[in-house]
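Engineer: Single-letter residue listing:
There are 2 protein chains.
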Amino acid sequence: MTGVEPASDAVLAVLGVGVVDPSTPVIRADDAGVTRGDGCFEGLRVVDGAVDKLDAHLARMARSCAALELPFDPDSWRALVAEALAAWPHPGEAALKLVLTRGTVGYAWLTPLAADYPRLRRDGLRIITLSRGTTIDAFADAPWLLGGVKTLSYAVNMAATREAARRGADDVLFVSADGFVLEAPTGTAVWAVGRTLRTTPLGASGILGGTTQQRLFDRATDAGWRVEEATARVDDLHEADVLWVVSSVRGPIDVIELDGKQRARRPELDAQIRRLAGF
Amino acid sequence: MTGVEPASDAVLAVLGVGVVDPSTPVIRADDAGVTRGDGCFEGLRVVDGAVDKLDAHLARMARSCAALELPFDPDSWRALVAEALAAWPHPGEAALKLVLTRGTVGYAWLTPLAADYPRLRRDGLRIITLSRGTTIDAFADAPWLLGGVKTLSYAVNMAATREAARRGADDVLFVSADGFVLEAPTGTAVWAVGRTLRTTPLGASGILGGTTQQRLFDRATDAGWRVEEATARVDDLHEADVLWVVSSVRGPIDVIELDGKQRARRPELDAQIRRLAGF
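Protein sequences appear in the order of chains A and B.
Residue 1 is where the first sequence starts when you use this note's numbering, and the numbers rise one by one after that.
Residue 1 is where the second sequence starts when you use this note's numbering, and the numbers rise one by one after that.
Next up, chain A with everything else stripped away, as it sits in the complex:
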């Protein structure tokens, strides 16, 4: 989703306005959503015209808005999503983005699934670790750092993704300045050790709570897995049975290469986790 791609196959619905031509500019030059990256968003999966776990995404967006002191009315957003979906004629998967700027422009943006997702889902991810610059406990008692808030200020996430591409990798795993595993620029790290699934703790680490990771952990618990939040170093990931990067639209994808080191795939285990996550 960039400003340079054609919008011919997109649906745009604006809060208080309705569905409009997606190529129509809707944001003012002085909206701090653009001048300051000040606002929040959600990325959601659509399958055959239905949004996957809309409640969880709206709940997280409500928390983001509370942290940013932005107004949020879930009912208007539900109605907006319904309007956008009604204008979307395509079966199968699609990506829905919900955005709210400081200037209180709210909108839903619906597009086809990214072209490279089917290949990544099939082939797995080659990822590199990059420092995020923050320490593993940097966000404790520091709400102004907006830990766990899905803000529009993703320039570093995008630059890290470009760095991965430059190095021939598919994605990034951020580590803290003191060497602990954090998260991917647009996904949650989950790894399996025996019958235990682990992920990085929220809170002091500043990482975003993943809605798909949460669903996976809930369902995995019911299926007999142990699940836990645990700080880990990259070496712990090298030793894990499987490592996934979990995102709402792309789903959980197993990592086949971490910092240039090949990882054996575990197709049955991987398939079970993807299924539990709803993919």
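Calculated from the structure, these hints are not laboratory results.
Computed from a prediction, not measured in an experiment: that's the story for all the values here.
Wrong hints could be hidden among the right ones.
[What the hints assert, rightly or not] Listed next, the stretches of chain B that the computed footprint assigns to chain A, with coverage defined by at least 3 CB atoms under 8 Å from CB atoms of chain A:
1. 15–29
2. 32–39
3. 88–102
4. 121–135
5. 152–158
6. 181–192
[As the list claims (entries may be wrong)] So, partial list: chain A residues that the calculated Cβ filter (under 7 Å) puts toward chain B:
7. 134
8. 135
9. 142
10. 153
[Unchecked claim] Computed footprint of chain B on chain A, listed as stretches where at least three residues anywhere in the stretch have a Cβ under 8 Å from a Cβ of chain B:
11. 12–23
12. 31–43
13. 98–110
14. 156–170
Yeah, the Cβ is synthetic: ideal placement off N, Cα and C, and Gly gets one too.
The hints should help you fit chain B onto chain A, whose structure is shown.
Structural biologist: Then chain B, alone, in the frame of chain A:
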């Protein structure tokens, strides 16, 4: 500059378009400038229709664009600034913002000086220190962290400013996770110890190189001051003769209170520094 303030007294000039009604939306919903805070900007001072140190700002914007792999043509920006100024009828001071988004929407936005600047310049700043979460050397060899790049991803800077207001302060001084002085959300820290002016080193610290701080240091050197980049802890600032937060539009303002501790003002010294900085 937020999306909710009236734009009746603003001038908006858009690259490739010219001067348009400032209330006209100019940014598309899928421009990563808004969805990802992906882009860069500059804030410049205008005095009686002339831009202060335009060359230094354009040079810094060129560096930001290079780091973000965005196109930048200084001549088009000069022409855009001239167009905006030609449409600005007001004498005295004004604030000019130059913005370029990932979707390559570029614009100049001219407004009157912020209402509280005259008071702050007269009365000085009460500031609090807040952690930025990053270590003092976090940005060394980590270009993806965009240290020194003036990106649109300022959500944390804005949240820190709101935190300051909540605590009854005027501004923030960010410190690193390991306790070293960094910068203000929209300004550079400069402090005087005897006949030496100091500021935080660029590079590994990730702070932005200030154009007004640079001019001040250049002119102060000519006026017989020593100038140096030096890491410092907050206690070092408590012991400094004067501490300033230096910004391009607001100018250097002396700090009268740091973390609740009063600081004696030094009017003659302060006046000399402001004059050297061009204020």
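Engineer: Among the hints numbered above, which are violated by the structure, and what are their numbers in rising order?
Structural biologist: 6
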